[in-house]
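Novice: These are the residues of each chain, in order.
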Amino acid sequence: MDAKELIARRVAREIRTGMLVNLGIGLPSLVANYVPATLGVFFQAENGVIGLGMRPPEGMEDPHLTDAGGGFVSAVPGAASIDSAMSFGLIRGGHLDMTVLGGLQVDEAGHLANWKVPGKMVPGMGGAMDLVTGAARVIVAMQHAARGQSKIVPRCSLPLTARRRVDLVVTDLAVIEPGEGGLVLRERAPGVTVDDIRAATEAALVVPDAVPEMELA
Amino acid sequence: MDAKELIARRVAREIRTGMLVNLGIGLPSLVANYVPATLGVFFQAENGVIGLGMRPPEGMEDPHLTDAGGGFVSAVPGAASIDSAMSFGLIRGGHLDMTVLGGLQVDEAGHLANWKVPGKMVPGMGGAMDLVTGAARVIVAMQHAARGQSKIVPRCSLPLTARRRVDLVVTDLAVIEPGEGGLVLRERAPGVTVDDIRAATEAALVVPDAVPEMELA
Amino acid sequence: MKGVLRPEAAAELIPDGASLMIGGFMAVGTPERMIDALVARAPRGLTIIANDTAMPGKGIGKLVSAGLVARVVTSHIGLNPETQAKMIAGEIAVELVPQGTLVERIRAGGMGLGGVLTPTGLSTEVEEGKQVVEVDGKPFLLEKPLTADFALLAAWQADYVGNLSYLLTAHNFNPVMALAGRTVIAEPEAIVPVGVIAPDAVKTPGVLVDHLLIRAGC
Amino acid sequence: MKGVLRPEAAAELIPDGASLMIGGFMAVGTPERMIDALVARAPRGLTIIANDTAMPGKGIGKLVSAGLVARVVTSHIGLNPETQAKMIAGEIAVELVPQGTLVERIRAGGMGLGGVLTPTGLSTEVEEGKQVVEVDGKPFLLEKPLTADFALLAAWQADYVGNLSYLLTAHNFNPVMALAGRTVIAEPEAIVPVGVIAPDAVKTPGVLVDHLLIRAGC
Chain A
24 MDAKELIARR
34 VAREIRTGML
44 VNLGIGLPSL
54 VANYVPATLG
64 VFFQAENGVI
74 GLGMRPPEGM
84 EDPHLTDAGG
94 GFVSAVPGAA
104 SIDSAMSFGL
114 IRGGHLDMTV
124 LGGLQVDEAG
134 HLANWKVPGK
144 MVPGMGGAMD
154 LVTGAARVIV
164 AMQHAARGQS
174 KIVPRCSLPL
184 TARRRVDLVV
194 TDLAVIEPGE
204 GGLVLRERAP
214 GVTVDDIRAA
224 TEAALVVPDA
234 VPEMELA
Chain B
24 MDAKELIARR
34 VAREIRTGML
44 VNLGIGLPSL
54 VANYVPATLG
64 VFFQAENGVI
74 GLGMRPPEGM
84 EDPHLTDAGG
94 GFVSAVPGAA
104 SIDSAMSFGL
114 IRGGHLDMTV
124 LGGLQVDEAG
134 HLANWKVPGK
144 MVPGMGGAMD
154 LVTGAARVIV
164 AMQHAARGQS
174 KIVPRCSLPL
184 TARRRVDLVV
194 TDLAVIEPGE
204 GGLVLRERAP
214 GVTVDDIRAA
224 TEAALVVPDA
234 VPEMELA
Chain C
20 MKGVLRPEAA
30 AELIPDGASL
40 MIGGFMAVGT
50 PERMIDALVA
60 RAPRGLTIIA
70 NDTAMPGKGI
80 GKLVSAGLVA
90 RVVTSHIGLN
100 PETQAKMIAG
110 EIAVELVPQG
120 TLVERIRAGG
130 MGLGGVLTPT
140 GLSTEVEEGK
150 QVVEVDGKPF
160 LLEKPLTADF
170 ALLAAWQADY
180 VGNLSYLLTA
190 HNFNPVMALA
200 GRTVIAEPEA
210 IVPVGVIAPD
220 AVKTPGVLVD
230 HLLIRAGC
Chain D
20 MKGVLRPEAA
30 AELIPDGASL
40 MIGGFMAVGT
50 PERMIDALVA
60 RAPRGLTIIA
70 NDTAMPGKGI
80 GKLVSAGLVA
90 RVVTSHIGLN
100 PETQAKMIAG
110 EIAVELVPQG
120 TLVERIRAGG
130 MGLGGVLTPT
140 GLSTEVEEGK
150 QVVEVDGKPF
160 LLEKPLTADF
170 ALLAAWQADY
180 VGNLSYLLTA
190 HNFNPVMALA
200 GRTVIAEPEA
210 IVPVGVIAPD
220 AVKTPGVLVD
230 HLLIRAGC
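Chains as they are written, first to last, in the working numbering: chain A, 24 to 240; chain B, 24 to 240; chain C, 20 to 237; chain D, 20 to 237.
The following block holds chain A by itself, in its conformation from the complex (with noise of 0.2 Å):
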């Protein structure tokens, strides 16, 4: 298993029967993947439609139904389609019940850092900002670490997307909780110790007595 289907199969068991979902372009998105069809799920894209299905057959792609990434989408018996005021009235309204989004850096204060790196990429927030502070909970799917570089650092060196902690760190290597008292590391990846994830984390981590091997979807 590589680690960006690890860190989708673990974020999948976050998701409640009944739950509407928000996932991010890429990494997050292949959440639904994991997420059984039993729980009665909703995904939202935020271009404006609740009830977002698998990519249909080619041939039966239509223009007018896509996700946040412009790739073709269908929609699952019971969908609603809204306008961008409507889909973000529900995002910052605490409607959301959950929002998975990539990051660039998580600090000790469980701020997340995913719009832009300044001088290099400046891609723009499209909807992250309001995601991040509207969600009733934010959950941050992402690698531990890019080019040998720790991403769960002590304070993010890149411009915040939100002053809102996130309530989820999910990693290739842990489960990470931010909270008042810092960094709890909740969880370990599949045949990795704590020793190793300390190793690979710049920012001080919070270690319970116990830290269980992750379960996944």
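Just so you know, these hints were derived from the structure itself, not from any lab. Backbone N, C-alpha and C fix where the C-beta goes; we use that ideal spot for every residue, glycine too. Misleading hints may appear alongside valid ones.
As the list claims (entries may be wrong) - In the DSS-like style, the derived pairs of lysine-lysine whose C-alpha atoms are separated by at most 25 Å in a straight line are:
id : chain 1 : residue 1 : chain 2 : residue 2
1  : D       : LYS163    : C       : LYS157
2  : D       : LYS163    : A       : LYS143
3  : D       : LYS21     : A       : LYS139
4  : D       : LYS149    : D       : LYS163
5  : A       : LYS139    : A       : LYS27
6  : C       : LYS157    : D       : LYS81
7  : D       : LYS163    : C       : LYS149
8  : C       : LYS149    : D       : LYS21
9  : B       : LYS139    : C       : LYS149
10 : C       : LYS149    : C       : LYS163
11 : C       : LYS163    : D       : LYS163
12 : D       : LYS21     : C       : LYS163
13 : B       : LYS27     : B       : LYS139
14 : C       : LYS163    : B       : LYS139
To be verified - One-sided and incomplete, this derived list gives chain D residues near chain A with beta-carbon spacing under 8 Å:
id : residue
15 : VAL122
16 : GLU144
17 : GLY148
18 : GLN150
19 : THR166
20 : GLN176
21 : ALA220
Fit chains B, C and D to the given chain A structure using the hints.
Specialist: Chains B, C and D only, in chain A's frame:
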């Protein structure tokens, strides 16, 4: 012709091709009777319909299609349903070309009072404050006097509806245009003299050399 | 959507002192079966947030007549002499709000906005006690967001995930209140199988609705 | 509604330096025939207000590639490397706005509100230079309304009074921009006789629309 019909017929002449017009309950609603269908005017009711039509024949009323007073109406071809947020977005945003409202008092500054008689009658402002604030053109349609008292006064003694100066006042005696320099007497009702109007008006009037007789629709 | 309830069971969810947003405009687009069940159960001291208090014997008017209402936030009480009489007698507190401001305050509450900046009400009694905010030299009233314990909605069609559609002037405050009630109960005129309401015809997504009233007569 | 125009005639209405709101999300729900006509006419120094700048060869991306754009107000330019390159070269000024804030600023502009009070952007770069307003002890950013000289919309069906309906994710910014452009030009995929779009299916009332693009191929 009674006073109300006279006022309604004169107001109707203010309406131009293709306008979006809101008519208040009571006297203002009579204006619709004198607007030719050929003008392609859309009447809006603030409870949520653009393209309000006549009351339907008995037995064909629909409880889901009413005007702002709760009376049964029909929808003309090309009608649109809107919710209250959109309805007042149109009003406040200046998309409504004209509103015709009743009045209790209009004063020399062109301010309207029409929603409250303290200690006597407190119906609430309903949509009136938004209509006077936002409509592109505000016309007050009212009797010149009530119980022998002029309703055109130096300064409103009743609570104001808005800070915005109304554009035109049409009564059973006169057409008056409030402006920077005060209340300008623009027209006389048929058979009424300037002196009659002066005598019936508590407020100071600016009287041009020529004050023609009203033309009626 | 949690499921389908009988009106009596829905009314039992609502305790004394609850705040209720109720859809409707002069009782058009108001959940009448829900209101009848509320009158039967008779919780006391309710706060009602709604466009108007209808008229005696209709919609919100029934709650007023039954003496269940302690406070109303509304734009118009002119067609309900009982509300006016109870206000004058000090039995009901009435906050009068311009209609366009009322719907935006509810929208702000439901959509996580801090308030509404509107020109409506400036230089009138409505301005009293409120903050005026200047934006590029122009003044606006800061009007605060509204939320409620419950939103009681009337709809045309619903499906079993809770999606709602509305008819003509029965939309009014319903689609906006759907976001601003902590618990949302919808009374549709018909309930149809999932998939029957086209996505583009859904005006309130089912994810906002907690309970549907069961079909009349079931 | 004033009438029906060919795309070339509609493009002629738009002068150098005009500000344009353009519907669409990654070019889904963007008026492509209108944009092609604009590229042909080539007005200079345009300001574009839109969710994103699409990608080269699609939607707003064509205007960027043609060098017609001086300024964009948008939430995302990540999929259009040309916008990024021109921004870095100083050829295009880019104001980045969180997506939910952008749509509310447009809505406020179209609906006569003084601005938007949002928690989004607090304690980030977005806060810089902006007023923070406290409401009941909670801070919110005051974000200003947006309007434009023109709104260029894509719709599904239109009728000849200008009523518009939209399909699925091609709604996005179109219904909100319909209120915020001083002149509104809509490009429908089909035009149907008046009365064919049911009142409840109309998402943009025709009174907001100035011009419709004539059917493709006419």
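Novice: Name the hints, by number, that the structure is in violation of.
Specialist: Structure breaks hints 2, 3, 6, 8, 12, 17, 18, 19, 20, 21.
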